[in-house]
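Chemist: Note that the protein sequences, when read in sequence, are chains A and B. So the first sequence is residues 8 to 161, counted in our numbering. So the second sequence is residues 8 to 161, counted in our numbering.
Hints were generated in silico from the structure; no laboratory data involved. All figures in this text were calculated on a predicted structure; none of them were measured in a lab. Be aware that a few hints might be false.
Sample of chain B residues at the chain A side, in silico, Cβ under 10 Å [said to hold, decoys possible]:
hint	residue
1	M71
2	R79
3	R81
4	G82
5	R85
6	A99
7	I102
8	R126
9	G129
10	N156
11	E161
Note that CB positions come from ideal geometry on N, CA and C, so glycine has one too.
In case you want the letters, here they are:
There are 2 protein chains.
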Amino acid sequence: MDDQPDGPTGADLAIMAAALAEAERGAAEGGVPIGAALVEDGAVVATGRNRRVQQGDPIAHGEMDCLRAAGRRRGYRRTTLYTTLSPCMMCAGTIVQFGIPRVVVGENATFGGNEEFLRSRGVEVVVLGDRRCEALMRRFQAERPEVWNEDIME
Amino acid sequence: MDDQPDGPTGADLAIMAAALAEAERGAAEGGVPIGAALVEDGAVVATGRNRRVQQGDPIAHGEMDCLRAAGRRRGYRRTTLYTTLSPCMMCAGTIVQFGIPRVVVGENATFGGNEEFLRSRGVEVVVLGDRRCEALMRRFQAERPEVWNEDIME
Chain A
8 MDDQPDGPTG ADLAIMAAAL AEAERGAAEG GVPIGAALVE DGAVVATGRN RRVQQGDPIA
68 HGEMDCLRAA GRRRGYRRTT LYTTLSPCMM CAGTIVQFGI PRVVVGENAT FGGNEEFLRS
128 RGVEVVVLGD RRCEALMRRF QAERPEVWNE DIME
Chain B
8 MDDQPDGPTG ADLAIMAAAL AEAERGAAEG GVPIGAALVE DGAVVATGRN RRVQQGDPIA
68 HGEMDCLRAA GRRRGYRRTT LYTTLSPCMM CAGTIVQFGI PRVVVGENAT FGGNEEFLRS
128 RGVEVVVLGD RRCEALMRRF QAERPEVWNE DIME
């Protein structure tokens, strides 16, 4: 089961745990609890977390913070981007622009909608349905709805 | 002519000059010469420029740097984003996610392709065909093709 095409691998689950640790670190800082990791050839290149609150930066979603931390690169063809929450349109556009071929999403029960856009641009999208990722988001959305609505511009 | 629907206004031309000044500042720093400005109700909220080279930051396109500089906001419904060069997919996705209703583009002769995506999402796109913006990009693309190709991930 772990190595079926378009499905999660054992490595995917381990790396999602690293992205979730970033999300939990963000929660402890009072921020939006979304984390990400960029992996190339099985090795973590960078991790990141949403820092809207911490840095007053509206573009610092988890995926963007992670890509910033990874620095300048010639390309992303052998990378996978992990994110605890399904990418918004900013992050989905970035994934397409950067040519990242595969995205592993912790959960898309609390936010989503750009999976088909990504697939239409040739990106493989794997959704884990991770209950820890979902529980963290549900708690944040319930406790700080104003920050959450600001973060997704609603 | 200046106030026809979907066309540039006199104010658009003046603000594009401010975005172009940011692009020229970027060029002087050795960076990718693309500038941007965010305007609300006719007043400039923030300006920015591509800082990939200056900050080693692959997400710091001109539009993104400008939106970062504008800080946290509740919404963008009365804003226009000005950019000397047509938005890439990262920046186009961000414009849609943030709900920015209008984009004024200096030129799309040296790079483009996301205008129809933006329009399909309800964004008004005005292209000025500004020769100064185009000349600045053509010089950069000729002199530093490796940095340009890195910036657009080609």
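Chemist: Decide, hint by hint, whether the structure agrees.
Modeler: Do the hints match the structure? See the list:
Residue-level restraint check for B/M71 holds (minimum Cβ-Cβ distance to chain A is 5 Å; threshold 10 Å). Taking 10 Å as the C-beta cut-off, the interface hint given for B/R79 holds, the closest approach to chain A being about 6 Å. The criterion of a C-beta within 10 Å of any C-beta in chain A is met by B/R81, whose closest approach is roughly 6 Å, and the hint holds. With a cut of 10 Å, the hint placing B/G82 at the interface with chain A holds, because the nearest CB-to-CB distance is about 7 Å.
With a least beta-carbon distance of about 14 Å to chain A, the hint placing B/R85 at the interface is violated under the 10 Å criterion. Interface hint status for B/A99: upheld, as the beta-carbon distance to the closest one in chain A is roughly 6 Å, under 10 Å. A cut of 10 Å between beta carbons decides the hint on B/I102: the least distance to chain A is about 9 Å, and the hint holds. Here the hint on B/R126 is broken, as its CB sits about 15 Å from the closest CB of chain A, past 10 Å.
Below 10 Å, beta-carbon pairs count as interface contacts, and B/G129 has none with chain A, the closest being about 12 Å; its hint is therefore violated. The beta carbon of B/N156 is positioned within 10 Å of a beta carbon in chain A (closest approach about 9 Å), and the interface hint is therefore held. For B/E161, the suggested interface contact is upheld, since its CB lies about 9 Å from the closest CB of chain A, less than 10 Å.
Consistency with the previously given hints fails for numbers 5, 8 and 9, ordered from lowest to highest.
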